[in-house]
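Protein chains in written order, with UniProt numbering: chain A, 1 to 285; chain B, 1 to 352; chain C, 1 to 305.
No lab work stands behind these hints, which were simulated from the structure alone.
Because the structure is a prediction, the values reported are computed rather than measured.
Glycine included, every Cβ here is placed at the ideal spot set by N, Cα and C.
Hints are not guaranteed to be accurate.
As the list claims (entries may be wrong) - Pair ranges (Cβ atoms, derived):
{"id": "1", "chain 1": "A", "residue 1": "Leu148", "chain 2": "C", "residue 2": "Leu158", "range": "48 to 56 Å"}
{"id": "2", "chain 1": "C", "residue 1": "Thr125", "chain 2": "B", "residue 2": "Glu306", "range": "27 to 35 Å"}
{"id": "3", "chain 1": "A", "residue 1": "Leu8", "chain 2": "C", "residue 2": "Glu263", "range": "25 to 33 Å"}
{"id": "4", "chain 1": "C", "residue 1": "Met1", "chain 2": "A", "residue 2": "Pro198", "range": "51 to 59 Å"}
{"id": "5", "chain 1": "C", "residue 1": "Arg8", "chain 2": "A", "residue 2": "Pro198", "range": "53 to 61 Å"}
{"id": "6", "chain 1": "C", "residue 1": "Gly74", "chain 2": "A", "residue 2": "Ser186", "range": "42 to 50 Å"}
{"id": "7", "chain 1": "C", "residue 1": "Val72", "chain 2": "A", "residue 2": "Ser186", "range": "46 to 54 Å"}
{"id": "8", "chain 1": "B", "residue 1": "Ile279", "chain 2": "C", "residue 2": "Arg8", "range": "32 to 40 Å"}
{"id": "9", "chain 1": "C", "residue 1": "Glu263", "chain 2": "A", "residue 2": "Asp41", "range": "33 to 41 Å"}
{"id": "10", "chain 1": "B", "residue 1": "Asp217", "chain 2": "A", "residue 2": "Pro198", "range": "31 to 39 Å"}
Claimed, not checked - Covered stretches of chain C (chain A as the covering partner; in silico rule of three or more C-beta atoms under 8 Å from a C-beta of chain A):
{"id": "11", "region": "43-52"}
{"id": "12", "region": "274-280"}
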Amino acid sequence: MSPGRVALRRAIRHGGFWIGGTIIFVIVLMAIFAPLLTPYDPSVQSLSEGFVPPVWAEAGSWEHPLGTDNLGRDYFARLLYGARISLGLGLLTVIISGTIGTAMGITAGYWGGWPDMIINFFITVRLTLPVVLVALVVVALIGSSLWLLILVIGLLLWDRFAIVVRSATQQLAQREYITSARAIGSSTPRILFREILPNITGPLVVVTSIEIAHAILLEAALSFLGLGVQPPDVSWGLMVAEAKAQLLFRPWMIAIPGAALVLLIFAINLVGDALRDVTTPEGKA
Amino acid sequence: MSDDTRILSVRGLNVQIPIPGSTLWPVRDVNIDVGRGETVAVVGESGCGKSLTALAIMGLLPRQAKVQSEALRLNAESLAEASPKRWRQLRGDRIAMIFQDPMTALDPCYRIGDQMCEILQQHRKISRSAAMKRSLDLLGKVGIPAPEERLKQYPHQLSGGLRQRVMIAMALLCEPELIIADEPTTALDVTIQAQILRLLRDIQRETNIGLLLITHDLGVVAGMADRIVVMYGGEVVEVGTCDQVLAQPLHPYTEGLVRSIPVPGETEQGEALGYIPGIVPRQVGERTACGFVDRCPYATSACREEPIAMRDAGDGRLMRCILPTDGSARDPDVWILPDETSAQSATNSGSL
Amino acid sequence: MLVYLSKRLLMTFLVIAVTSVIAFLLVHLSGDPAAAMAGEGASQADIETVRETYGFDRPLYVQYLDWVSRVVTGDLGRSTYLRADVTDVLARHLPVTATLGVCALGFALALSIPLGVLAALRPNTMIDRFSLWLAVAGQALPSFLFALGLMYLFGVYLRVLPISGSETWWHFIMPSVALGYYATPAIMRLTRSGMLDVMLSDHVRTARAYGLSPWRVVVRHGLRHAIIPVVSLAAVQLGFMLGGSIVIETIFSLKGIGHLAWESIQRADIEVIQAILLVIAVAYAVLTLLADLLNAALDPRIRIS
């Protein structure tokens with residue numbers, strides 16, 4: 001049985017994989033079908049209907065199941081549309097950072113020597129720069145937009161990809177079948193794409209899950225500081241930021257988007273841990 | 001051997017280790033005695049349970065392993081009921097152990113002198129300077145040149161042979177009654193092996209301690225041991241004095257081992273050496289037949305009917321085999337590796 | 001050892017040099033600094049005046065060299081908004097952030113190392129599972145949410161801790177916990193895996209075979225080894241905390257450099273921003289350097305070779 005099949009079989013038996021996977025699946029469905037799940041537009045204000053409490057509170061009603069915010073926007077609708085931003089941003093940034101990091105990691109790990117030293121140096125420099133601060137500076141000075149945010153986060157979070165892919169490639173490059181592939185004259189691109197890349201998917205998938213969570217958290221932090229997602233777009237971090245003033249009186253306004261954020265990150269981490277368990281050899285986890 | 005000269009007495013020792021889906025039974029019903037001033041060698045190939053037996057005697061097996069014994073005595077004290085605290089008091093003090101790989105057995109983070117003092121001060125109310133003095137004396141005694149400098153060095157600054165000497169000095173710190181040496185020379189260069197063995201033998205004779213020597217190498221045993229305990233598949237299969245066992249092995253497994261080593265002056269160049277076909281099988285569940293039956297060239301249907309009991313073979317010898325003890329019904333060439341040209345004899349030799 | 005040290009020092013110097021270029025370029029290329037400084041609604045003529053006054057019209061490399069040559073003498077420039085020397089401003093804010101970082105790291109270590117050790121000594125038991133779940137749950141909690149949660153519980157509901165300011169040590173408790181907990185899962189996992197490995201190592205078996213007390217075996221012969229990589233990680237985490245303190249400082253109104261950075265970004269006070277970027281990067285580089293040296297000091301095999 002191929003390692004991939006083994007990993008798949010073990011994943012199916014892994015509890016964390018199921019719990020996390022189910023939560024993610026539900027959140028993705030809710031994000032995709034947001035317009036069908038709520039009649040409200042998340043950005044339409046209705047000042048007469050501000051601060052409606054959620055349905056479980058005394059004054060709450062099913063009209064606004066999670067209540068409304070200070071501007072009378074439906075909180076449930078904002079939550080659903082916020083999921084679109086968080087998930088989309090997480091995926092898009094990881095495509096950018098994953099491509100950069102994987103390319104750097106494979107280059108460094110496969111060739112070693114000078115390319116390795118230079119790339120290692122860049123990884124060190126990247127780690128030396130404080131992520132939140134750099135992102136804030138760029139977004140503040142260029143002017144914030146969703147695409148810029150995705151680009152900036154993507155350009156900042158490639159370090160872990162590079163580190164993990166580099167060491168995985170280093171281990172592979174010493175194996176005999178890579179040496180023999182070289183010996184029989186396989187072209188370098190062929191070795192990289194046919195022999196190396198398929199064999200580092202295990203760690204790559206694990207890092208991808210970690211970095212999606214990382215990107216979503218970073219977006220939330222930037223939005224919380226007021227320099228991430230800008231209205232009329234909505235994100236969970238922004239919802240927390242806007243509800244910050246209500247900490248004393250309406251703590252649920254922070255708790256609802258906060259809980260959604262925690263649940264999503266928790267689920268992604270759970271799947272990431274499960275993937276790490278099933279892709280690493282027996283015993284060590 | 002009378003009871004009062006016996007330092008270690010092990011009766012009916014069993015070790016079981018639960019693994020997913022079943023239970024390994026790597027040591028079963030083992031009896032071993034070591035007397036004062038006696039060297040007992042436990043011999044067998046890897047996986048036969050000899051190291052686990054040693055760790056069980058030291059009380060060092062991992063938590064998951066289940067250890068049972070009818071008796072486990074050090075002098076008159078029963079260790080089977082000893083508290084963990086009592087075990088700790090005995091370890092390093094009354095029983096000491098020397099391990100296989102001196103490269104990793106010492107803690108790389110501490111100086112040799114500190115590691116030795118730590119042990120001595122754990123077991124004795126003694127000042128640090130007195131502990132250092134004793135460590136220095138012992139390093140000199142085990143033949144380490146410039147012992148003052150070695151005390152201040154870290155393990156990685158010493159060669160493998162020197163580190164094993166340090167381990168021996170460490171074992172002697174509290175003047176134990178029993179030293180267990182688990183493959184003490186396997187990890188060393190051949191030239192160093194002989195030195196370490198001679199050192200162990202000299203110290204054992206000088207101090208009159210009991211030495212339990214665990215090895216897979218019959219060559220190591222020859223000049224060292226008073227008695228030999230042969231283990232196979234977690235069981236003791238033969239016990240006798242060194243001369244008896246090497247000159248006239250009783251159990252087919254011992255015979256195979258003896259035939260597989262060259263004898264200086266007798267084995268001629270180009271002459272075939274014996275070998276035992278197959279590998280040690282995994283030890284699971286109760287015995288229903290002789291444990292060696294699948295690899296034994298003498299096996300008969302009787303060997304498969306029930307487990308074989310240990311029996312007296314005369315002259316104080318024990319064996320776990322139904323063959324006659326007088327050496328009849330044996331064929332010394334049965335162990336010789338069949339030539340590729342005479343493939344027919346392979347079937348005759350009854351391997352597997 | 002000397003070769004290693006000099007290589008490592010050279011590396012640190014290069015990293016700081018490259019980082020300073022990046023910090024400079026970030027501020028100068030992410031838009032027009034003159035326009036940002038002049039503020040919204042400034043006329044083109046105003047912007048040109050600012051450009052000339054502050055020398056933004058010169059080539060970038062000239063501006064960079066000018067900046068660096070002043071920085072190495074300890075002059076980090078002038079804050080246009082605060083009308084003060086950036087060096088003085090930073091000197092006022094740095095102690096707060098340093099205190100916060102050290103307290104946060106202390107909290108993280110005090111929580112994660114004992115948990116990691118216990119989990120490793122009893123793998124697959126309740127304590128192990130508990131700490132693993134704590135780690136997974138902890139990593140899912142954004143620090144700003146955790147900070148708000150702490151604030152609500154201890155500041156609003158129980159009213160036992162102050163919710164803003166930096167006057168007393170009490171003010172540092174919640175921020176330190178909020179900043180430090182995020183580092184605990186990583187430190188705990190590293191401690192656990194290190195302890196799992198070392199407790200199976202030969203020298204620990206030797207220590208047990210010689211009857212050393214469990215405490216000595218675990219701490220002197222176990223943790224002593226497992227802690228070596230944790231030291232590096234802790235230094236790295238402290239560096240991350242300095243950079244990440246911006247969120248926590250703004251929530252708790254701690255007047256550290258994170259808070260200063262956030263305010264300066266909003267005021268487009270670019271000299272302060274690039275100085276903070278540089279200072280945090282230098283702190284990180286120096287911390288990792290110290291970690292490596294400490295590593296070498298802790299492992300005799302590196303120290304004496």
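| task | Just pull the numbers of the violated hints for me, sorted ascending. | result | 1, 2, 3, 4, 5, 6, 8, 10, 11
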